[in-house]
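**Student:** Sequence:
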Amino acid sequence: MKRELKGNLILLLTAMVWGMGFVAQKAGAALGPFTYNGLRMTLAGLFLIPIIVILQNKRKGRSGEKTIEGVDTSQKETLVPQKTSVTASVKGGICCGIVLCFGANLQQFGIYFHTDASKAGFITALYILIVPILCIFLKKKVQPVAWVAVALGIVGFYFLTMAGKEVGLHLATGDFFVLLCAFVFALHIIVVDHFIKTCDGVILAATQFLTAGCISLCLMVLFETPDMGMIMDLWLPIIYGGLFSCGIGYTLQVIGQQYANPTTGSMIMSLESVFSVIFGVLLLGERMTLIEIVGCAIIFFAVMLPQIVDMLGADK
Numbered sequence: 009m010k011r012e013l014k015g016n017l018i019l020l021l022t023a024m025v026w027g028m029g030f031v032a033q034k035a036g037a038a039l040g041p042f043t044y045n046g047l048r049m050t051l052a053g054l055f056l057i058p059i060i061v062i063l064q065n066k067r068k069g070r071s072g073e074k075t076i077e078g079v080d081t082s083q084k085e086t087l088v089p090q091k092t093s094v095t096a097s098v099k100g101g102i103c104c105g106i107v108l109c110f111g112a113n114l115q116q117f118g119i120y121f122h123t124d125a126s127k128a129g130f131i132t133a134l135y136i137l138i139v140p141i142l143c144i145f146l147k148k149k150v151q152p153v154a155w156v157a158v159a160l161g162i163v164g165f166y167f168l169t170m171a172g173k174e175v176g177l178h179l180a181t182g183d184f185f186v187l188l189c190a191f192v193f194a195l196h197i198i199v200v201d202h203f204i205k206t207c208d209g210v211i212l213a214a215t216q217f218l219t220a221g222c223i224s225l226c227l228m229v230l231f232e233t234p235d236m237g238m239i240m241d242l243w244l245p246i247i248y249g250g251l252f253s254c255g256i257g258y259t260l261q262v263i264g265q266q267y268a269n270p271t272t273g274s275m276i277m278s279l280e281s282v283f284s285v286i287f288g289v290l291l292l293g294e295r296m297t298l299i300e301i302v303g304c305a306i307i308f309f310a311v312m313l314p315q316i317v318d319m320l321g322a323d324k
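In my numbering, the protein residues as written are 9 to 324.
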């Protein structure tokens, strides 16, 4: 129980770090989307490199200690199989990084076009509900409760973005970009799931961040005119978005999931959207209408519903 509590607290901290990341992205919106993402993603990838070295050395130390009982220490045979490949991890990271680049930049374009950090957090959370839709095309089995959650998510999205604004369906430009980002992030989850089985998670993460960062920096050169003075003025949102939201956030997720129950862990990490609202109100002075709050509540319930059903099923 102590180990699980430790994991839950680490994942709660992860959700807080990620929720705060939307505030950093809002502050970084003064830069071009490609400039901000290029800098923070590259920073995140570089941050993970020494962590990879530390973890690799730690694993080597453990493999040297865990030997088959009865074998002479001079002829030690490791019990830890080499299940992952650095080459496979790098290749998988490049593929994931390309998808991540599209998703992250669509999200930043949405924030650039005035979508509040609070709304961006909840619209992005829809990726959890979009995954079952994409699974149809991959011929994967989807639980019936997932479709109930998808329907609720659509209702919540309407209340959050369109209800009470104008007659008919009207979606703001920023909200549209963030919605597209949710679809891409759903695809990203599927791509990561495909590669993670044979890859080292941290190497894959570092590679995907460096890939997304390099592509974004190239797009920055082509389509934006970065201002070095403004970049220096916004050093804090860049560092937070790179080191904390991506680098440290991902590392905490890996550590926390080692101890936490998978279903409980997923529920805790879903609080990212809630923290985006809390920090958006406290730090940016954002305010939401009653209809928008209702939309957030419906989306949050829709995201949690399949996980609650899984938890209840596991207890039987």
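Incorrect hints may appear among the rest.
[As the list claims (entries may be wrong)] Subject to a maximum C-alpha distance of 30 Å in a straight line, what follows is the list of computed DSS-like cross-link-like pairs (lysine-lysine):
#1 Lys99 with Lys66
#2 Lys14 with Lys68
#3 Lys68 with Lys205
#4 Lys66 with Lys149
#5 Lys99 with Lys149
#6 Lys99 with Lys68
#7 Lys66 with Lys14
#8 Lys66 with Lys10
#9 Lys10 with Lys68
#10 Lys14 with Lys147
#11 Lys99 with Lys147
#12 Lys205 with Lys10
These aren't lab readings, by the way, just hints derived from the structure by calculation. Nothing here was measured: the structure is a model prediction, and the numbers come from that model.
**Student:** Hints first: check each against the structure and report whether it holds.
**Tutor:** Hints, one by one, checked against the model:
Between Lys99 and Lys66, the direct Cα distance comes to roughly 24 Å. Compliance with the 30 Å bound is thereby established for this hinted pair. Between Lys14 and Lys68, the direct Cα distance comes to roughly 25 Å. Compliance with the 30 Å bound is thereby established for this hinted pair. Our distance criterion of 30 Å between C-alpha atoms is met by Lys68 and Lys205, whose separation comes to about 20 Å. Restraint check for Lys66 and Lys149: the C-alpha separation of about 38 Å exceeds 30 Å, so the hint is violated.
Taking the CA atoms of Lys99 and Lys149, the gap is near 27 Å; set against the 30 Å cutoff, the hint holds. At most 30 Å may separate the alpha-carbon atoms for a hinted pair to count; Lys99 and Lys68 meet this at roughly 23 Å. For the proposed pair Lys66 and Lys14, the alpha carbon gap of about 21 Å is at most 30 Å, so the pair holds. Our distance criterion of 30 Å between C-alpha atoms is met by Lys66 and Lys10, whose separation comes to about 23 Å.
For the hint linking Lys10 to Lys68, the alpha-carbon distance of about 27 Å falls within 30 Å, and the restraint holds. About 37 Å separates the Cα atoms of Lys14 and Lys147, which puts this hinted pair outside 30 Å; it is violated. Under the criterion of a C-alpha separation no larger than 30 Å, the hint pairing Lys99 with Lys147 is consistent with the structure, at around 25 Å. Distance check on the hinted pair: Lys205 and Lys10 sit about 28 Å apart at the alpha-carbon level, within 30 Å; holds.
Going through the hint list in order, the structure does not satisfy hints 4 and 10.
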